[in-house]
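Make the full structure from the sequences, and use the hints.
Each protein sequence line maps, in turn, to chains B and C.
Quick note on the working numbering: the first sequence kicks off at 1 and runs consecutively.
Quick note on the working numbering: the second sequence kicks off at 1 and runs consecutively.
Some hints here could point you the wrong way.
Same chains, same names: a pair is fine if it fits in one copy or spans any two.
What the hints assert, rightly or not - When the alpha-carbon atoms are kept at most 27 Å apart in a straight line, the in silico DSSO-like pairs for lysine-lysine are as follows:
hint, residue 1, residue 2
1, K81, K443
2, K154, K194
3, K287, K46
4, K46, K443
5, K285, K13
6, K25, K285
7, K81, K448
8, K194, K285
9, K443, K25
10, K81, K25
11, K46, K448
12, K287, K206
13, K448, K25
14, K206, K280
15, K194, K287
16, K194, K206
Since the hints were made in silico from the structure, they are not lab data.
These numbers were taken from a predicted model, which means no experiment stands behind them.
Protein chains: 2
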Amino acid sequence: MSFLPQNFSINSKLIGGELVIGGCKATSLVAEFGTPLFVIDEADFKVRLNTWRSALVRHFGDQAGQVYYASKSFISVEVAKWISESGIGIDVCTGGELAVALAADFDPEKIEVHGNNKSEAEIARAIEVGVGKIVVDSHQEIERVNRLAKSAGKTQSVLIRVTPGIEAHTHEFISTAHEDVKFGFSLASGAAWKAIEEIEAAPNLKLLGLHCHIGSQIFDPEGFEAAATRLISLLAKYHQHFDRQLQELDLGGGYGIAYLPDEVTYDPDLAMSALAALVKAECLKNKIAIPMVSIEPGRAISGPTTTTLYEVGTTKNVELDNGAARRYIAVDGGMSENIRPALYGAQYFAILANRTSKATSTSSRLVGKHCESGDILISEIDLPSDINPGDLLAIPATGAYGRSMASNYNHVPRPAVVAVVDGTARVIVRRETQDDLLALDVKESPRKI
Amino acid sequence: MSFLPQNFSINSKLIGGELVIGGCKATSLVAEFGTPLFVIDEADFKVRLNTWRSALVRHFGDQAGQVYYASKSFISVEVAKWISESGIGIDVCTGGELAVALAADFDPEKIEVHGNNKSEAEIARAIEVGVGKIVVDSHQEIERVNRLAKSAGKTQSVLIRVTPGIEAHTHEFISTAHEDVKFGFSLASGAAWKAIEEIEAAPNLKLLGLHCHIGSQIFDPEGFEAAATRLISLLAKYHQHFDRQLQELDLGGGYGIAYLPDEVTYDPDLAMSALAALVKAECLKNKIAIPMVSIEPGRAISGPTTTTLYEVGTTKNVELDNGAARRYIAVDGGMSENIRPALYGAQYFAILANRTSKATSTSSRLVGKHCESGDILISEIDLPSDINPGDLLAIPATGAYGRSMASNYNHVPRPAVVAVVDGTARVIVRRETQDDLLALDVKESPRKI
Numbered sequence: 001m002s003f004l005p006q007n008f009s010i011n012s013k014l015i016g017g018e019l020v021i022g023g024c025k026a027t028s029l030v031a032e033f034g035t036p037l038f039v040i041d042e043a044d045f046k047v048r049l050n051t052w053r054s055a056l057v058r059h060f061g062d063q064a065g066q067v068y069y070a071s072k073s074f075i076s077v078e079v080a081k082w083i084s085e086s087g088i089g090i091d092v093c094t095g096g097e098l099a100v101a102l103a104a105d106f107d108p109e110k111i112e113v114h115g116n117n118k119s120e121a122e123i124a125r126a127i128e129v130g131v132g133k134i135v136v137d138s139h140q141e142i143e144r145v146n147r148l149a150k151s152a153g154k155t156q157s158v159l160i161r162v163t164p165g166i167e168a169h170t171h172e173f174i175s176t177a178h179e180d181v182k183f184g185f186s187l188a189s190g191a192a193w194k195a196i197e198e199i200e201a202a203p204n205l206k207l208l209g210l211h212c213h214i215g216s217q218i219f220d221p222e223g224f225e226a227a228a229t230r231l232i233s234l235l236a237k238y239h240q241h242f243d244r245q246l247q248e249l250d251l252g253g254g255y256g257i258a259y260l261p262d263e264v265t266y267d268p269d270l271a272m273s274a275l276a277a278l279v280k281a282e283c284l285k286n287k288i289a290i291p292m293v294s295i296e297p298g299r300a301i302s303g304p305t306t307t308t309l310y311e312v313g314t315t316k317n318v319e320l321d322n323g324a325a326r327r328y329i330a331v332d333g334g335m336s337e338n339i340r341p342a343l344y345g346a347q348y349f350a351i352l353a354n355r356t357s358k359a360t361s362t363s364s365r366l367v368g369k370h371c372e373s374g375d376i377l378i379s380e381i382d383l384p385s386d387i388n389p390g391d392l393l394a395i396p397a398t399g400a401y402g403r404s405m406a407s408n409y410n411h412v413p414r415p416a417v418v419a420v421v422d423g424t425a426r427v428i429v430r431r432e433t434q435d436d437l438l439a440l441d442v443k444e445s446p447r448k449i
Numbered sequence: 001m002s003f004l005p006q007n008f009s010i011n012s013k014l015i016g017g018e019l020v021i022g023g024c025k026a027t028s029l030v031a032e033f034g035t036p037l038f039v040i041d042e043a044d045f046k047v048r049l050n051t052w053r054s055a056l057v058r059h060f061g062d063q064a065g066q067v068y069y070a071s072k073s074f075i076s077v078e079v080a081k082w083i084s085e086s087g088i089g090i091d092v093c094t095g096g097e098l099a100v101a102l103a104a105d106f107d108p109e110k111i112e113v114h115g116n117n118k119s120e121a122e123i124a125r126a127i128e129v130g131v132g133k134i135v136v137d138s139h140q141e142i143e144r145v146n147r148l149a150k151s152a153g154k155t156q157s158v159l160i161r162v163t164p165g166i167e168a169h170t171h172e173f174i175s176t177a178h179e180d181v182k183f184g185f186s187l188a189s190g191a192a193w194k195a196i197e198e199i200e201a202a203p204n205l206k207l208l209g210l211h212c213h214i215g216s217q218i219f220d221p222e223g224f225e226a227a228a229t230r231l232i233s234l235l236a237k238y239h240q241h242f243d244r245q246l247q248e249l250d251l252g253g254g255y256g257i258a259y260l261p262d263e264v265t266y267d268p269d270l271a272m273s274a275l276a277a278l279v280k281a282e283c284l285k286n287k288i289a290i291p292m293v294s295i296e297p298g299r300a301i302s303g304p305t306t307t308t309l310y311e312v313g314t315t316k317n318v319e320l321d322n323g324a325a326r327r328y329i330a331v332d333g334g335m336s337e338n339i340r341p342a343l344y345g346a347q348y349f350a351i352l353a354n355r356t357s358k359a360t361s362t363s364s365r366l367v368g369k370h371c372e373s374g375d376i377l378i379s380e381i382d383l384p385s386d387i388n389p390g391d392l393l394a395i396p397a398t399g400a401y402g403r404s405m406a407s408n409y410n411h412v413p414r415p416a417v418v419a420v421v422d423g424t425a426r427v428i429v430r431r432e433t434q435d436d437l438l439a440l441d442v443k444e445s446p447r448k449i
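Encoded structure:
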């Protein structure tokens with residue numbers, strides 16, 4: 001049994017040169033379910049759900065609010081059940097994500113609704129089913145949620161999405177006055193305070209607290225701390241003005257994960273430890289009680305749990321103009337089930353998954369089967385020079401924004417998602433068929449309109 | 001009736017301040033079919049199919065090969081019927097695209113199969129149904145196609161995809177020896193010649209000619225001409241060596257279209273005129289007969305025909321750090337049905353589609369409803385400052401790589417595609433429902449594997 005770097009899911013091992021995930025051999029999974037295949041390490045997913053909750057509770061104690069799983073990273077009915085069973089909450093951005101949560105019998109009280117442009121139908125449905133919180137994002141939405149809550153004869157609890165002027169990306173953060181983003185109410189311009197006043201004046205809204213989200217794939221605490229500092233100032237201003245406190249501070253997600261072997265997934269305990277120290281100090285300084293603190297990890301839970309298995313179809317050696325050589329290895333998927341390399345320049349790692357190779361490594365490029373030269377999964381990676389058609393490759397850390405952003409580009413069916421645990425496997429999202437691809441084609445007669 | 005710039009489809013007009021496409025008012029289309037909505041100008045699509053064919057015939061005469069519509073840009077069963085009825089061919093890259101063509105009863109002889117990594121099943125199916133040509137892309141594929149044709153008791157006609165060392169992008173082209181792409185056989189390295197020899201020696205393959213494709217969204221003839229020159233040299237070498245000629249030269253697609261008002265869609269007549277002059281001169285120089293010349297426009301046909309209609313949901317004014325202001329206008333779609341701005345930095349144009357506005361223009365950013373700050377459709381555009389929730393916006397030139405690359409990110413249903421002509425409308429690809437989104441979720445029991 002060999003070592004795998006920590007960008008693989010917890011229950012991934014190499015046994016006799018073959019990748020084994022959750023006790024299931026890569027070759028067996030492929031024989032049973034085909035390729036490309038998303039293999040989700042169910043036990044790892046459940047551990048990560050609990051780890052974030054435990055870390056929040058450990059460091060915030062009675063002031064631990066809720067962990068909301070960010071469903072945009074990846075959600076299915078089965079995964080929503082795992083989340084529900086773990087006791088944490090879920091955040092949804094659309095009617096579609098809400099429908100998945102409800103199909104899993106998720107407790108509506110633990111559902112939080114996001115989005116910069118929720119439709120009236122989406123808001124009405126969320127109020128109707130009794131979601132715990134709607135995070136309001138614009139002045140127009142305050143009016144809408146209040147009006148639709150009134151129509152439903154309810155009072156809807158809301159958070160205000162505040163843009164604190166902190167933009168964080170990976171290893172740095174930028175502090176600005178005005179955030180040039182579509183989301184939320186600006187702190188510096190006074191829009192956030194105006195939103196507070198509007199909500200306080202709205203008879204069918206109950207303001208629970210403030211929310212912010214500063215970015216994604218972040219590895220340092222500074223950005224979260226700067227944002228928390230600014231939001232706590234606003235909580236203090238509220239306290240001074242209304243002589244009572246807002247009970248909740250939701251600091252969003254964005255905790256980074258390891259895609260490459262030399263990267264390190266953000267440790268939940270370290271993240272919550274740093275945040276709790278900062279929040280406590282800032283509340284003391286501002287003379288307010290510590291609010292309930294909530295967080296919204298998505299990628300940090302789903303990302304590391306999943307590995308994509310591919311079969312190699314063709315290989316090709318290209319001589320480059322500088323005299324160097326590059327080996328192209330084409331697999332049976334590509335930008336349709338992982339758009340992140342093309343979309344964000346995201347870097348991934350791959351290993352030979354079905355056997356050991358003693359061949360020397362060679363500079364390789366892993367590409368897909370789409371009719372587009374930008375259909376590249378890994379631009380540059382050293383892989384054994386004897387990888388050939390029929391071999392299996394595994395890319396780890398594909399659980400977030402892989403299947404969730406998948407397309408049918410080139411009419412390629414989207415892959416299945418299989419959950420593995422203790423040597424067992426089951427499909428939780430089935431592979432599309434050609435019939436599925438044709439199911440939206442309709443034959444209508446033209447009509448005057 | 002007001003002027004619309006040429007990035008709108010031919011039968012688009014402004015009547016009384018309202019956008020009318022194919023005789024159908026934007027407001028009527030939206031009332032009937034909802035938003036976001038892809039509106040395809042059917043007559044325009046059919047004109048463009050014929051225009052490319054006519055231009056090819058006009059300039060190449062008896063040596064006009066086939067126009068193959070590149071289905072990756074956008075295909076549905078109904079659109080495949082339009083293409084079939086026009087008499088031109090279709091190129092498909094996958095089993096899924098082939099299935100669409102066959103569902104439209106496309107003449108298999110006019111189907112050309114592309115792809116750098118066709119599966120054995122895809123190749124076998126293509127041979128079984130009798131496709132006219134398979135464009136072989138690797139040495140491994142030559143062996144596969146020959147073997148599978150033999151199994152089927154057939155001889156399969158093939159083209160060789162050659163990488164000629166010409167990379168063309170928009171307004172420039174680069175001439176290199178070795179193309180660093182996943183596709184095809186390098187001319188300079190001798191791989192293309194080796195492929196010719198392998199195919200000539202393969203009993204179940206018939207080599208018809210050579211193919212290349214140099215890029216996309218190209219506006220100048222130089223790149224096409226440089227590629228044609230290199231491929232004609234290879235045809236001449238073939239002639240010298242085998243004392244007979246290859247009959248076909250397929251020069252692919254890549255002709256640019258207008259996305260913005262000040263851009264000009266590549267004129268088919270100009271394109272074919274320049275190409276024909278070059279091909280004739282080069283063949284004369286190389287002392288070979290002019291081959292049948294084929295082309296593969298995709299975006300150049302589908303792109304300009306389609307307009308996306310959106311409804312505005314929220315607006316927001318943001319003060320920027322430099323003191324300037326930006327108006328965010330959020331519509332009810334975004335990166336799920338148009339990934340091109342996020343993926344390629346592609347620029348689009350939009351107009352207010354439901355009414356006239358006399359308000360002053362203001363610097364605006366058109367964004368979608370996805371939970372991602374990069375969900376931007378148009379980064380910077382001047383739009384009337386009184387655009388408000390409920391208004392309709394139209395983005396022209398969305399026919400290529402919009403619906404075809406669409407995802408269900410955030411569980412957003414993919415929009416319908418409606419064909420309009422002469423005041424009539426009909427759905428050709430229906431809108432997804434929430435039931436569709438949940439249809440792939442399955443509940444299986446874990447089993448030992």
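Any of the earlier hints contradicted here, and which numbers?
Hints 3, 5 and 6 are the ones this structure does not satisfy, whereas the remaining hints hold.
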